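So you can see what is in the structure, the chains are spelled out below.
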Amino acid sequence: MRILLVEDDVDVARFVKKGLQEAGHTTEHAPNGRDGLFMAASEPFDLLVLDRMLPGGVDGVRLVETLRSQGNKTPVLFLTAMTAVDERVRGLKAGGDDYLTKPFAFAELLARCEALGRRPASDAPTTRLRVADLELDLLSRTVTRAGKKIDVQPREFRLLEHLMRHAGQVVTRTMLLEKVWDYHFDPQTNVIDVHVSRLRQKLDKGHDRPLIHTVRNAGYMIRAEP
Amino acid sequence: MNLVLLAAAFPLLALPLRAEPASAQPVRVTTDSAEYCGILSERLALAPLAEAEPARSLAAEGRRLCQDGHVRTGVAKLRRALRAANPTH
Amino acid sequence: MGSGTLSGSGVIHVLRSAGLRFALLFAALFLLAGLAFSAVLWWGTAGALDRQTAAAIRADATALMERWHDGGRPALIEAIETRLAADVEDQTLYLLLDRDGTRLAGNLETPPAGGAPDPAWSSATLERDGEPSEARLFRVDLPNGSQLFVGRDVAEKQRLRALLTDALALSAAAAAFFAGLGAWVLRRALSQRLAPATQTAAAIASGDLSPRVPLTGQGDEFDRLGETMNTMLDRIATLMEGVRGVSDAIAHDLRTPIARARAKLEEALSGSPGDAAALRSAIEQGIADLDGVTRVFQAVLRIAEVEAGARRAAFATFDLTPVLEDAVDLYAPSAEARQIAFETEIALGLMMRGDRDLLLQAVANLLDNAVKFTPEGGSIRLVARRGARAIWVDIADAGPGLSDADRIRAGTRFFRTDSARTTPGSGLGLSLVRAVAVLHRGELHLADARPGETPRGLRATLRLPA
Numbered sequence: 001m002r003i004l005l006v007e008d009d010v011d012v013a014r015f016v017k018k019g020l021q022e023a024g025h026t027t028e029h030a031p032n033g034r035d036g037l038f039m040a041a042s043e044p045f046d047l048l049v050l051d052r053m054l055p056g057g058v059d060g061v062r063l064v065e066t067l068r069s070q071g072n073k074t075p076v077l078f079l080t081a082m083t084a085v086d087e088r089v090r091g092l093k094a095g096g097d098d099y100l101t102k103p104f105a106f107a108e109l110l111a112r113c114e115a116l117g118r119r120p121a122s123d124a125p126t127t128r129l130r131v132a133d134l135e136l137d138l139l140s141r142t143v144t145r146a147g148k149k150i151d152v153q154p155r156e157f158r159l160l161e162h163l164m165r166h167a168g169q170v171v172t173r174t175m176l177l178e179k180v181w182d183y184h185f186d187p188q189t190n191v192i193d194v195h196v197s198r199l200r201q202k203l204d205k206g207h208d209r210p211l212i213h214t215v216r217n218a219g220y221m222i223r224a225e226p
Numbered sequence: 001m002n003l004v005l006l007a008a009a010f011p012l013l014a015l016p017l018r019a020e021p022a023s024a025q026p027v028r029v030t031t032d033s034a035e036y037c038g039i040l041s042e043r044l045a046l047a048p049l050a051e052a053e054p055a056r057s058l059a060a061e062g063r064r065l066c067q068d069g070h071v072r073t074g075v076a077k078l079r080r081a082l083r084a085a086n087p088t089h
Numbered sequence: 001m002g003s004g005t006l007s008g009s010g011v012i013h014v015l016r017s018a019g020l021r022f023a024l025l026f027a028a029l030f031l032l033a034g035l036a037f038s039a040v041l042w043w044g045t046a047g048a049l050d051r052q053t054a055a056a057i058r059a060d061a062t063a064l065m066e067r068w069h070d071g072g073r074p075a076l077i078e079a080i081e082t083r084l085a086a087d088v089e090d091q092t093l094y095l096l097l098d099r100d101g102t103r104l105a106g107n108l109e110t111p112p113a114g115g116a117p118d119p120a121w122s123s124a125t126l127e128r129d130g131e132p133s134e135a136r137l138f139r140v141d142l143p144n145g146s147q148l149f150v151g152r153d154v155a156e157k158q159r160l161r162a163l164l165t166d167a168l169a170l171s172a173a174a175a176a177f178f179a180g181l182g183a184w185v186l187r188r189a190l191s192q193r194l195a196p197a198t199q200t201a202a203a204i205a206s207g208d209l210s211p212r213v214p215l216t217g218q219g220d221e222f223d224r225l226g227e228t229m230n231t232m233l234d235r236i237a238t239l240m241e242g243v244r245g246v247s248d249a250i251a252h253d254l255r256t257p258i259a260r261a262r263a264k265l266e267e268a269l270s271g272s273p274g275d276a277a278a279l280r281s282a283i284e285q286g287i288a289d290l291d292g293v294t295r296v297f298q299a300v301l302r303i304a305e306v307e308a309g310a311r312r313a314a315f316a317t318f319d320l321t322p323v324l325e326d327a328v329d330l331y332a333p334s335a336e337a338r339q340i341a342f343e344t345e346i347a348l349g350l351m352m353r354g355d356r357d358l359l360l361q362a363v364a365n366l367l368d369n370a371v372k373f374t375p376e377g378g379s380i381r382l383v384a385r386r387g388a389r390a391i392w393v394d395i396a397d398a399g400p401g402l403s404d405a406d407r408i409r410a411g412t413r414f415f416r417t418d419s420a421r422t423t424p425g426s427g428l429g430l431s432l433v434r435a436v437a438v439l440h441r442g443e444l445h446l447a448d449a450r451p452g453e454t455p456r457g458l459r460a461t462l463r464l465p466a
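First to last, the sequence lines map onto chains A, B and C. The opening residue of the first sequence carries number 1 in the numbering used here; numbering runs sequentially from there. The opening residue of the second sequence carries number 1 in the numbering used here; numbering runs sequentially from there. The opening residue of the third sequence carries number 1 in the numbering used here; numbering runs sequentially from there.
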């Protein structure tokens, strides 16, 4: 992916850029909003990572508003120190797609970047998701593995759906909490882990290949290969 | 206080409402005279009930007042006598 | 405002006073009313006198003209003389002149001068037996050139008119005086009633937040203003305390975990330099500790944000039932994993007004605690129902519960019971729940789930007005 990082803090920028490059993404960096706007408008990028508070008159929100008004649809991930809910809503309303508060774990940033960067294969809405021999029918809300039906609760279905839509990518615990439970806080305990392990048991019972993998210090991933 | 002075000025507003242009030369009223007393007496003599009361005493009083110089009151009395002396009213 | 001369700038300064403007407005209205009253009265009395006289004169003139039409000049002369002879009141005035000015009949010696603006009407001074008097006269021009004057002696009427005019002018003056007096009194009264509020505001502006507006107990608008100001000042004081509290909390309670993290890293640094694995694990621990500090920090800020009350502006109406079901759903597997029986009884359609996200977090906190503290094989029960004026959410667990002393402290920011020190998560959970309850104008009540038994368990009850 080609990523543009607009961040005024030198250390954070270096840390993020290095990490993203190592993960295989080409990363450009702009130190303020004006330069960032110029670069975003003149070159194509797959993803923009913006700090919310930028010096020099053009802050993160202004930047996104301007880009959107120009018809630019590049996905945007906001980084910010501001944790208030209204700020999150404001950023999303301005045209942002996701929001990550500082300080963040790099794995979280990477997982969200890759989730935003994936383009849908086609514009037609999918009715079936498949990973290896696991199949999810979105219309009938059923899960089958190797042809055998697996009983899952509605919430587990949604959890599995989310993992499968991002098959091959890391999905963090925070992302699951947000997308499946609409829970935007950081629980201290490992509630998600228990859900995933229960789901895992249901999926892997009687099959030799585990599909849901734990990625250390990051989250979970569903993929065919072990 | 200034408002008190303002209030005191108010009666002055009344002046234009009172003042009426008066003519320079006073006009004399001719019926305020001894002569008119006489004219009224003559008319009385022609009235039907002149000799009856109360016309007769009113007329006598009226004449006396005119002779004494109280012309206007005399004229008024004589006029009343004339009214009393004329039955149609 | 005292008495004295009003200079130009002085006038402008004085007009800036709202009290004075109100007072002047009152004075102007009062004066206007008084003048209107006087004018109407004058028109109805003195004016009526004039109109009465004019009407009588016209009627007389009309009647005389009819006699002239019927019987010509002799009839007119006869009519005039008859009228004069019958005028007991001694008020009538007539004069008939022929075209060259010769007196033909009537009791005026000479014709009056023409009046203005209407030449037909005129006023004249009379001489009556040596005494002056006044007349009002009307002239009719006959077709043959003669002129007929018909009038009345209006001396007495004029005197009455003058009397009335003077009286009304005096009453207008009195009205003006009282208007001025009223304005002054009004302005003083306003300033006096406003004085407590303005004095308190001045005292506060100079830096001291403690004074409050003294109330007179009359319960009027100014007292209400004072009450509102006092409430506002109380709120400001509370908010400022809250800010101080946050700084205190952050300073005091975050120092410990930060110091601990630092100590561990320093310890790792002083260990054997070749042990890369140990260093690595120390760094990982350092990151975890920093994350923990961040979490505490964010929780403290969230509580402060909730306590400040600003979130209330974004309240919306929503159904609490799915929120509760979401929270239950989130923690059900955790309970199941520890063989804890989880019973729920959630009423349907619990509509209320508030912040959905905060309530989800509050209930999640309570369930988190319940699952954390209930031993294996225990039970948790969540009941949500609608009362008369509020929604009640009751969560009972089978853990050690809180001692009476602890229960009182439970709402304070960093409270953790001694026995809970080893379990993960900061003690901010209950503080947040309490803050959220208060934000929704409700309350959090803590009690024993099984009083008298061991373990006593904890029953946390949220009352949310709806």
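These aren't lab readings, by the way, just hints derived from the structure by calculation. Treat the hints with care, as some may be off.
[What the hints assert, rightly or not] Listed next, the in silico EDC-like pairs over lysine to aspartate or glutamate satisfying Cα-Cα at most 20 Å (straight line):
{"id": "1", "chain 1": "A", "residue 1": "102", "chain 2": "C", "residue 2": "291"}
{"id": "2", "chain 1": "A", "residue 1": "179", "chain 2": "C", "residue 2": "329"}
{"id": "3", "chain 1": "C", "residue 1": "372", "chain 2": "A", "residue 2": "9"}
{"id": "4", "chain 1": "A", "residue 1": "179", "chain 2": "C", "residue 2": "326"}
{"id": "5", "chain 1": "A", "residue 1": "202", "chain 2": "C", "residue 2": "329"}
{"id": "6", "chain 1": "A", "residue 1": "179", "chain 2": "C", "residue 2": "453"}
Just so you know, these numbers come straight off a predicted model, no measurement behind them.
Holds or violated: are the alpha carbons of residue 179 (chain A) and residue 326 (chain C) at most 20 Å from each other?
-> holds (12 Å)
Straight-line alpha-carbon gap residue 179 (chain A) to residue 453 (chain C), limit 20 Å | The hint is violated at about 42 Å.
Taking only the CA atoms, is the gap from residue 179 (chain A) to residue 329 (chain C) under or equal to 20 Å?
-> Given pair residue 179 (chain A), residue 329 (chain C) holds - Cα atoms ~14 Å apart, limit 20 Å.
Can the restraint linking residue 102 (chain A) and residue 291 (chain C) be considered satisfied, given a maximum Cα separation of 20 Å?
-> With a Cα-Cα distance of about 10 Å, the restraint between residue 102 (chain A) and residue 291 (chain C) holds, given a limit of 20 Å.
Please work out if residue 202 (chain A) and residue 329 (chain C) have their alpha carbons no farther apart than 20 Å.
-> Judged against 20 Å, a Cα distance of about 17 Å means the pair holds.
Would you mind confirming whether the straight-line C-alpha gap from residue 372 (chain C) to residue 9 (chain A) stays at or under 20 Å?
-> violated (39 Å)
Hint check: violations occur at hints 3 and 6; the rest are consistent with the structure.
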